[in-house]
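Trainee: As given, the protein sequences belong to chains A and B, one line each in that order.
Mapped onto the numbering used here, the consecutive letters of the first sequence carry residue numbers 1 to 95.
Mapped onto the numbering used here, the consecutive letters of the second sequence carry residue numbers 1 to 416.
In case anyone wonders, no lab produced these hints; they're calculated from the structure.
Glycine included, each C-beta is placed from N, C-alpha and C at the ideal position.
One or more of the hints may lead you astray.
[Claimed, not checked] Label pairs and their computed distance ranges (CB to CB):
| id | chain 1 | residue 1 | chain 2 | residue 2 | range |
| --- | --- | --- | --- | --- | --- |
| 1 | A | 5 | B | 29 | 46 to 54 Å |
| 2 | A | 85 | B | 402 | 40 to 48 Å |
| 3 | A | 75 | B | 215 | 22 to 30 Å |
| 4 | A | 10 | B | 25 | 35 to 43 Å |
| 5 | B | 398 | A | 31 | 23 to 31 Å |
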Amino acid sequence: MILIHCPYCEEDRPEVEFTYGGQAHIARPLDPAALDDAEWESFLYIRSNPRGRHAERWRHAHGCARFFNAIRDTVTDRFEVTYKAGEQAPDGAAR
Amino acid sequence: MRFSGFNLLAQAFNGHQDWPEHWPDKAPKPEYDVIIVGAGGHGLGAAYYLAAKYGITNVAVIEKGWLGGGNAGRNTTIIRSNYLYDESAHLYDHAVKMWDGLSQELNYNVMYSKRGVLMLAHNVHDIQSFKRHIHANRLNGVDNEWLTPEQCKAYCPPLDIAPNARHPVLGGALQRRGGTARHDSVAWGYARGAVARGVDIIQNCAVTGIRRGPDGAVLGVETERGFIGARKVGVSAAGSTSLVMKMAGLDFPLESYPLQALVSEPVKPIFPCVVMSNTVHAYISQSDKGELVIGAGTDQYVSYSQRGALHIIEHTLAAICEIFPIFTRMRMLRTWGGIVDVTPDRSPILAKTPVPGLYVNCGWGTGGFKATPGAADLLAHTIAHDAPHAINAPFNLDRFRNGRLIDEAAAAAVAH
């Protein structure tokens, strides 16, 4: 089982305590009425789905219950780093 | 050489030494009329139908691994078409109709067995939604019927229908035409049929790029064995589709997840049909070899690892043991994972793309095997006519822009 480091609890905890929240750093549009259909499609549905480093959201559902972000390799499933919500993604991470 | 009683007898006289190779290894030609990326059941089938139905025989199927080694060899072989929406019912039932007679057409036994797919209802919501599915299916000419708990038990004797069970069986929806097939045979049968009609199958040759002309149209594909030209390229690469599409500059509404399955040690015939339970999220059947074939939903995160987490399997087996207490002491032999490409509405994309000459068949998620003949046929049609068939026209890319989703994610009688 994968161990995930919660940046709030500062502990490595088993994967079953966490829920996955999809790709990270997708900004909600500030002026939704100004978006055209193509921009809505991109915001709602288009995902990077990379083979390699992936910036993604996780939630420590059975712990502190807070959302945080992680960089994980989608080929090895190895977590490179986890960081608190609102912090910048480390350099070189996928979108 | 055809498989027949006569040829079997004739070959017996010289020790079966003269059977020809099914698909001799081919070096790629410089140019083809059509290239299919991905030699799974869908891709090989598309090549077969291009040759057999449309007379387009100058076709290559390019595969990064070996044929049938991806999800074609990693699924749980369940076939059914009891989907809620009209578009889906037509699409999946097109495939189920083609499963009938496929062995005869290919002269290759795909072992399609109409043993029935029984979906269990465990609560009032299940009963209501399954009955709605049954009525919707019957309006679309798809067989599906309601069984009482006693009828479920008669159809599938290992079922525990005790009212005090952890997950009580309150009834079930049965599609009798549903069932299973031999997954490898499907890929092999299509490969053999395609090669017999002049198609080249090029294995161990990953596509590394898609070359486009000044007008944007496809000129061919870059591969590990050099450039191969083709004005039409069909991509049928399952979990890797979004990676191939990026090579053509297209961002796709796909995410790739591991889907696990497992089989038990082989035992004598005990389980006569396919049983699915959406509420406890597991499904089970018995292969002709005697193994119990068990599956469930995907792992929760995007991954290309072709393996999943143990707790998913643990959850699946707990559900199976609750419904079928007789299997609590069965030992599991193998587990594995396949990478499935999932769309936002859980319906496939089988369409032209914004790039002229580039076609796609993807997004089948956790349910692509059942659609193999239909998807292959419709991809071949779309490539040959440069236009979709009426059946796959709704399964286009535009739906994510104009909102005409086919939202089986919320509606289908399916364990997503």
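Trainee: Run every hint past the structure and note whether it holds.
Mentor: Here's how the hints hold up against the structure:
1. For residue 5(A) and residue 29(B), the Cβ-Cβ distance of about 52 Å falls inside the hinted range of 46 to 54 Å, so the restraint holds.
2. Look at residue 85(A) against residue 402(B): about 33 Å separates their beta carbons, and that is not inside 40 to 48 Å.
3. The supplied range of 22 to 30 Å is broken by residue 75(A) and residue 215(B), whose beta-carbon atoms lie about 36 Å from each other.
4. Against the hinted window of 35 to 43 Å, the Cβ-Cβ separation of residue 10(A) and residue 25(B) comes to about 55 Å, which falls outside the hint.
5. For residue 398(B) and residue 31(A), the Cβ-Cβ distance of about 25 Å falls inside the hinted range of 23 to 31 Å, so the restraint holds.
The structure fails to meet hints 2, 3, 4 from the earlier list, while all remaining hints are met.
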